[in-house]
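Protein chains in written order, with this note's numbering: chain A, 1 to 524; chain B, 525 to 699.
Because the hints were derived from the structure by calculation, they are not lab data. Among the hints, erroneous ones may be present.
[Claimed, not checked] DEER-style ranges, computed between Cβ atoms:
#1 B:Ala651 - A:Glu51: 42 to 48 Å
#2 A:Asn266 - B:Thr671: 32 to 38 Å
#3 A:Ala248 - B:Ala651: 53 to 59 Å
#4 A:Ala181 - B:Thr671: 39 to 45 Å
#5 A:Glu51 - B:Thr671: 54 to 60 Å
#6 A:Lys65 - B:Ala612: 29 to 35 Å
#7 A:Asn266 - B:Ala651: 33 to 39 Å
#8 A:Glu34 - B:Asp587: 55 to 61 Å
#9 B:Ala612 - A:Asp43: 56 to 62 Å
#10 A:Ile200 - B:Asp587: 21 to 27 Å
#11 B:Gly537 - A:Ile200: 26 to 32 Å
#12 B:Asp587 - A:Gly274: 44 to 50 Å
#13 A:Val78 - B:Asp587: 42 to 48 Å
Just so it is clear, CB atoms sit at the ideal spot from N, CA and C, and this is done for glycine as well.
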Amino acid sequence: MGATPADVRSEEYGRSRDELAELRALLLGQQIVELQALQKRLDDPALRSEELSQVLAQAVAISIKRDRGLQRSLFPVVTEALKIAIAKNPALLATALAPIIGDAVRKAVANAFRNVTESIDFVLERSLSWESVKWRIEALRTGRSFGEIALLRSLRYKVQQVILIHSETGSVLQQANAPGAGIKQAELASSMLTALQDYIRDISERPSQDLQEIKMDDSVYWVHHGPQALLLGQISGTPPPELRNVFARENELIHREFAAALAAFNGDASLLDGARPHLQNCLLGQTDQPRKPSRWWVAALAALLLGLAAVGVLVYQRNSRWNRYLARLRNEPGMVVTGGEKSWRQYSVSGLRDPFAVDPSKLAADFGIAADKLHLHFEPYESLDPRFVLERELASARQRLEEQMISFPVNSSVLTPDQGIRLDEIERDLLKLEQVAGTMGRQIHVDLLGRADQTGADGKNAALSKERAERVRDALRERGFGAEMMTATGLGSSEPLRHGSAAYQLEVNRSVTLKVQENQGDTQ
Amino acid sequence: MIQKKICMLGSFGVGKTSLVARFVQGIFSSKYLSTVGVKIDKKSIKVGDEEVLLLLWDLAGEDSRSQVQTSYLRGAAGYFLIADGTWAESLVTAKSVHKRALETVGEIPFMLVVNKSDLWNKWEVTAPVLEQLETEGWKIQVTSAKTGDGVEKMFMRLTEEVLRAEPMNEPAEEP
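With the rest of the complex left out, here is chain A (with noise of 0.2 Å):
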């Protein structure tokens, strides 16, 4: 078979590829081999893998030193593969978890049954007391809890200070205090408190261990635990447990609210200013020191007995002076009591009194009863009792005496036989009233005044009127009566017994009257 031209082409162009060949493998020699040794590594999956897995590891070490982008990237894949994982075999977490939830639920019941305790301690100390049924009518009024009002109202405690603590750093994230309350060196004492949490945890069997409280005489140090940060409060007095499930609250809202600040927390506490109000929220409790509950009550009390009491004793001296007033005046003679009232600012008296009897008004200031608040409603009538019936006799003489009126004719001082008839009456009741008047241990003095008429010289009417006077004393000295029992006395024209110059008021200032005053008990 003859070659045909298309056969000898490929001859040609065969011998030229195997040269072309020889050549490549004289100038390029090793690296041929290299490089297909370095497509097949390329090609070939499985050798890539393998050679993968040698340096994954080590890249992956480099990428986490220079950024957190791998972690990003990975984070979904991560949790979709967890996912998958506890889907398909539940029983791979459950044993992961089981040495660490069995410590954490010791620790939650722990702590569970230690709230418990103090809560019975504290309601067994509680339930009988005063306190306790005020809480309870406040609960019951409000609709709020017992255990809440009693945490609002027992004041015997108070949170100075609350410092949110990150666990790992020691450093104070947050911190708030009561007005002039707290820890000056907050950052030391959170630092020392979480080396105190280490060096328990070092030197104790079990190293999830929590420092839960510290106390000292007057105060106690309350922590609370979570995972990233713990909530440290400073508190005088004895504070009730509720508080700690106070603490415990916002702690976890804390977490809850401010979870990527405290996983990224690197010294900046800034990220948590938002952090303060729950911190706030526990800064309860009223009072620095105990409190003792009956030092007010007690107080006011006393107050208020001590007042009562005065009250009584004014009550009371007020009703006797009352009663002593008023059986003073129904012992008081010429005096019938027939009712007498007393309200609170009034007093009043009705009866009968007689003209001469004590003025019942004048009376009440001697038993310190306001003549003012006294309405008085006495008829008159005139008692039997002697004293007054020789009251009236003696007033009576008195009173015929002072109205007689011995006349003289003008310009004269001589007595008119017509004047004898008045003489003989006056000496009638001027015996009658010194009678009287001796029994009654009394006194008389009788002032015989002389008058002149309008008419004549002052000067002359003054000394006619003495002379008057005088003609009528020694008239009544002949009929045997005292000179030291009367006093003659010359008015002139000064005091007449009638003004105007008629006849007969004329006539009746040429006179001598006379004015009778009383000595009482001088002679006693």
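The hints should help you fit chain B onto chain A, whose structure is shown.
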């Protein structure tokens, strides 16, 4: 203000507490060191525009009987390894403490402080040893707690390291 926890580690007697005392005015007595094993002081310093509050945890010294309680290192942003220049053994201790610190807190900024530079003529720690450590990436500061030389500087340098080492301070993303 940013707070940073810094630990002081090293043998007994190398002058850790004196270095801190040089730097701060403390309130706790050193009896804490022998009881709880740590004494804490604070000092605020300014790095650039940033005010940093350093919480200095002075951990009880290490010796043949007791080791540094590494649990106190938890949460630290950096630590000092303190050695005594006049006592070569203290550098060995510092290295072993460093190893254990690495296991506890991983790679965080640290600095070797060689104290007692005032007693330079009695030094046992030689320059080539320190140079070798520097080539391994160690930051080293020579100090004297007695004269105060290098004390401010060591705190300033480590704080700068700590701030530099911080990741870009982005808030963590919520997925």
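Take a look at whether the Cβ-Cβ distance between Ile200 (chain A) and Asp587 (chain B) falls inside 21 to 27 Å. holds (23 Å)
Starting from the hint 56 to 62 Å, judge whether the C-beta atoms of Ala612 (chain B) and Asp43 (chain A) obey it. At 59 Å between Cβs, range holds.
Given a hinted range of 32 to 38 Å, is it respected by the beta-carbon distance of Asn266 (chain A) and Thr671 (chain B)? holds (35 Å)
Using the beta carbons of Lys65 (chain A) and Ala612 (chain B), state whether their distance is inside 29 to 35 Å or not. holds (33 Å)
Outcome of range test on Cβ distance (Val78 (chain A), Asp587 (chain B); 42 to 48 Å): holds (44 Å)
If I claimed the Cβ atoms of Ala248 (chain A) and Ala651 (chain B) lie 53 to 59 Å apart, would that claim hold in this structure? Between Ala248 (chain A) and Ala651 (chain B), where Cβ atoms are some 58 Å apart, the hint holds.
Should the hint that Ala181 (chain A) and Thr671 (chain B) are 39 to 45 Å apart at their CB atoms be regarded as holding? holds (42 Å)
Between Gly537 (chain B) and Ile200 (chain A), is the Cβ distance one that fits in 26 to 32 Å? Cβ of Gly537 (chain B) to Cβ of Ile200 (chain A): about 28 Å, so the range 26 to 32 Å holds.
Range hint 55 to 61 Å: satisfied by the CB atoms of Glu34 (chain A) and Asp587 (chain B)? holds (59 Å)
Per the hint of 44 to 50 Å, is the separation of the Cβ atoms of Asp587 (chain B) and Gly274 (chain A) within bounds? For Asp587 (chain B) and Gly274 (chain A) the Cβ distance comes to about 47 Å; the hint holds.
In this structure, is the beta-carbon distance linking Ala651 (chain B) and Glu51 (chain A) contained in 42 to 48 Å? holds (45 Å)
Using the beta carbons of Glu51 (chain A) and Thr671 (chain B), state whether their distance is inside 54 to 60 Å or not. holds (58 Å)
Violated hints: none; the structure is consistent with every hint.
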